[in-house]
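Guided by the hints, dock chain B onto chain A, whose structure is given.
If you want the building blocks of each chain, they are given just below.
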Amino acid sequence: MELITPEIGLIVWQTVVFVILVLLLAKFAWRPILNLIEERETSINEALESAENAKIEMKNLKSTNERLIKEAREERDAMLKEAREIKDKMIADASVDAEQKADSIISKAQEAIAAEKQAALSEIKAQVANLSIEIAEKVVKRELANKEDQMSLVDSMLDEVKLN
Amino acid sequence: MRASNLFRNLVLLTLVVFLGGVSSYASEKSLEEAEKEFNPTDMIMHHIGDSHGWHFFGADEAAVTLPLPVILYTDSGVVSFMSSEFHHDITGHHVVEKDGKHFVNLHEDIYMLNEGEHAVKFDEDHHPINAVKPLDLSVTKNVAAMFLTVIIMLIVFLSLSKKLKKTKKAPKGLNNALEALVLFVRDDIARPQIGEKKYKKFMPFLLTVFFFIWITNLLGLFPGAANVTGNISITVSLGLITLVLMLVNGNKEFWQHTLWMPGVPGFVKPILAIVELLGLFVKPIALMIRLFANITAGHIIILSLLGLIFILESAGVAGVSVPFALFISVLELLVAFLQAFIFTMLSALFIGISVAEHEDH
Numbered sequence: 001m002e003l004i005t006p007e008i009g010l011i012v013w014q015t016v017v018f019v020i021l022v023l024l025l026a027k028f029a030w031r032p033i034l035n036l037i038e039e040r041e042t043s044i045n046e047a048l049e050s051a052e053n054a055k056i057e058m059k060n061l062k063s064t065n066e067r068l069i070k071e072a073r074e075e076r077d078a079m080l081k082e083a084r085e086i087k088d089k090m091i092a093d094a095s096v097d098a099e100q101k102a103d104s105i106i107s108k109a110q111e112a113i114a115a116e117k118q119a120a121l122s123e124i125k126a127q128v129a130n131l132s133i134e135i136a137e138k139v140v141k142r143e144l145a146n147k148e149d150q151m152s153l154v155d156s157m158l159d160e161v162k163l164n
Numbered sequence: 001m002r003a004s005n006l007f008r009n010l011v012l013l014t015l016v017v018f019l020g021g022v023s024s025y026a027s028e029k030s031l032e033e034a035e036k037e038f039n040p041t042d043m044i045m046h047h048i049g050d051s052h053g054w055h056f057f058g059a060d061e062a063a064v065t066l067p068l069p070v071i072l073y074t075d076s077g078v079v080s081f082m083s084s085e086f087h088h089d090i091t092g093h094h095v096v097e098k099d100g101k102h103f104v105n106l107h108e109d110i111y112m113l114n115e116g117e118h119a120v121k122f123d124e125d126h127h128p129i130n131a132v133k134p135l136d137l138s139v140t141k142n143v144a145a146m147f148l149t150v151i152i153m154l155i156v157f158l159s160l161s162k163k164l165k166k167t168k169k170a171p172k173g174l175n176n177a178l179e180a181l182v183l184f185v186r187d188d189i190a191r192p193q194i195g196e197k198k199y200k201k202f203m204p205f206l207l208t209v210f211f212f213i214w215i216t217n218l219l220g221l222f223p224g225a226a227n228v229t230g231n232i233s234i235t236v237s238l239g240l241i242t243l244v245l246m247l248v249n250g251n252k253e254f255w256q257h258t259l260w261m262p263g264v265p266g267f268v269k270p271i272l273a274i275v276e277l278l279g280l281f282v283k284p285i286a287l288m289i290r291l292f293a294n295i296t297a298g299h300i301i302i303l304s305l306l307g308l309i310f311i312l313e314s315a316g317v318a319g320v321s322v323p324f325a326l327f328i329s330v331l332e333l334l335v336a337f338l339q340a341f342i343f344t345m346l347s348a349l350f351i352g353i354s355v356a357e358h359e360d361h
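Chain order of the listed sequences is A and B.
Heads up: the first sequence runs through residues 1 to 164, numbered per this note's numbering.
Heads up: the second sequence runs through residues 1 to 361, numbered per this note's numbering.
Treat the hints with caution; some may be incorrect.
Stated by the list, open to error - Once the Cα atoms are required to be at most 27 Å apart in a straight line, the calculated DSS-like pairs of lysine-lysine come out as:
id, chain 1, residue 1, chain 2, residue 2
1, B, 162, B, 201
2, A, 108, A, 125
3, B, 165, B, 200
4, B, 197, A, 27
5, B, 165, B, 201
6, B, 162, A, 27
7, A, 27, B, 172
8, A, 27, B, 198
9, B, 121, B, 98
10, A, 70, A, 55
11, B, 168, A, 27
12, A, 27, B, 163
13, B, 169, A, 55
14, B, 168, B, 201
15, B, 200, B, 169
16, B, 201, B, 283
17, A, 55, B, 168
18, B, 197, B, 283
19, B, 200, B, 172
20, A, 101, A, 89
21, A, 27, B, 200
22, B, 165, A, 27
23, B, 200, B, 252
24, B, 197, B, 165
25, A, 70, A, 87
26, B, 169, A, 27
27, A, 27, B, 201
28, A, 27, B, 166
As the list claims (entries may be wrong) - Partial list, computed: chain B residues near chain A (C-beta under 7 Å):
id, residue
29, 136
30, 137
31, 146
32, 150
33, 161
34, 164
35, 207
36, 234
37, 236
38, 237
I should point out that these hints are in silico values taken from the structure, not numbers from a laboratory.
The C-beta atom is built at its ideal place from N, Cα and C for all residues, glycine as well.
Bound conformation, chain A alone (with noise of 0.2 Å):
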């Protein structure tokens, strides 16, 4: 057999038994074993692309969170502070009226003690004026004759007479 003379018994069997390797191996081999390897790769892809969505909507949700935290300590901020205003002002009402009615009290009372004062002092006026009279009686009976000019008298006398 010589080295570059082609042989065609070899030529056949090759031919042969190739083109029946091919047609085996692609019904039974080739073509499950691409199928499959092209179906792996997209369902990597797929994959891949969702593991990226997710990590998106991830970043998404941590920034609303933060967003929703962010506004609810402003809320709280808010809330005490106008909790502290309306202490304050409760504190400031309250001392207030407490002055006013303290004052009101006050001043009633020195209505009151002037009141009585001024009534006290008329009921001593009057008491002293019947204990005037009376005395006055008592001593112008035995010396007056005359009750009239005796009275007359004593109510000019009287009037000259201030109390206050």
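This is chain B only, laid out in the frame that chain A set:
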């Protein structure tokens, strides 16, 4: 004093190793005698050539050989017998009688003796004069080795397909490596050469040819293995299949560019057609010669290096030629893959040219 002696001895030894063998070969033995004892050309040709029977070791009657069926298509029907019936004789002395016909094995060519002849006669050029060559469809060593590759491929890839079907996850171990190679053929050979639209149709051929050549190349590196991909008949067959795929799948545009090139002056068209038609056949011929020559060359180099030991008749040569042969063998591992890749790549390229759709013109 002793050191210089040692050094001198080493130099002498080296000289003996390199030159001594040659001088003794030239002076003490006549060429004819040496040829009788060891003929490197015969040895190498025997190793890289095909044979009717798978010879492992031993010589003549003591040889250990796997007998293979000889199938001959003669003008009076098919004759078949086992190659062992020649009793390792390739000189034509041993005549096998079968179905009333007589056959001899003459350097692995089977001759059928003419009617009434019982021994082969030669002319002056050692050609048989009373025998004819029937069509030899024997399962030779190469065919048997090819079967081995086919069996390995069927087992390996059917199991890979089965494994992939069973689990949708990525494969492990050998299957993973094989899948990587399948992807290599798909993504680095088929897709860029043939194009996204049409590559799928040719994947079975490309994958089969790639793994067939690669595995056969690797098997060919085993001692005692057949030199299948280094046989011109095998590469002719593979090249023919590529040619058929090119011709069958060639689209209208491809044939137009081949036979009647548009856009060139009229008188150039026939010249170009001749060139293009020649090119069409040169492409697969280049493929078949490249594979055959590369693989055969590798085998010849390894056998020559090892043959040096026997030519120079000195075991010392082994110290030099064995490392060299080992180096070439490792290189051949690379070449085995490289040639499979180049054959597949160029087949894909040629098919790609046939099916390409040009947007321009």
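Taken at face value, is the distance from the CA of residue 201 of chain B to the CA of residue 162 of chain B at most 27 Å?
-> holds, 22 Å
Satisfaction of hint between residue 168 of chain B and residue 55 of chain A, Cα-Cα up to 27 Å = holds, 25 Å
For the hint on residue 237 of chain B, just tell me whether its beta-carbon gets within less than 7 Å of chain A.
-> Since chain A brings a Cβ to about 4 Å from residue 237 of chain B, closer than 7 Å, the hint holds.
Interface hint outcome for residue 161 of chain B [beta carbon to chain A under 7 Å] = With a closest approach of 5 Å, the residue 161 of chain B hint holds.
Regarding the pair residue 168 of chain B and residue 201 of chain B, is the alpha-carbon distance no greater than 27 Å?
-> holds, 24 Å
For the hint on residue 146 of chain B, does the least C-beta distance to chain A fall short of 7 Å?
-> Holds, because the Cβ-Cβ distance from residue 146 of chain B to chain A comes to roughly 6 Å (cut-off 7 Å).
Quickly compare the C-alpha distance for residue 121 of chain B and residue 98 of chain B to 27 Å and report which way the hint goes.
-> Status holds; Cα separation ~19 Å.
Distance restraint between residue 197 of chain B and residue 165 of chain B, which requires alpha-carbon spacing of 27 Å or less = holds, 26 Å
Holds or violated: residue 169 of chain B with residue 55 of chain A, Cα cutoff 27 Å?
-> holds, 24 Å
Restraint check for residue 27 of chain A with residue 166 of chain B, where alpha carbons must lie at most 27 Å apart | holds, 17 Å
For the pair supplied as a hint, residue 162 of chain B and residue 27 of chain A, is the alpha-carbon distance within the 27 Å limit?
-> Within the cut-off at roughly 13 Å; holds.
27 Å Cα cutoff - pair residue 165 of chain B, residue 200 of chain B = Status holds; Cα separation ~20 Å.
Against the hints set out earlier in the document, no violation occurs for any number.
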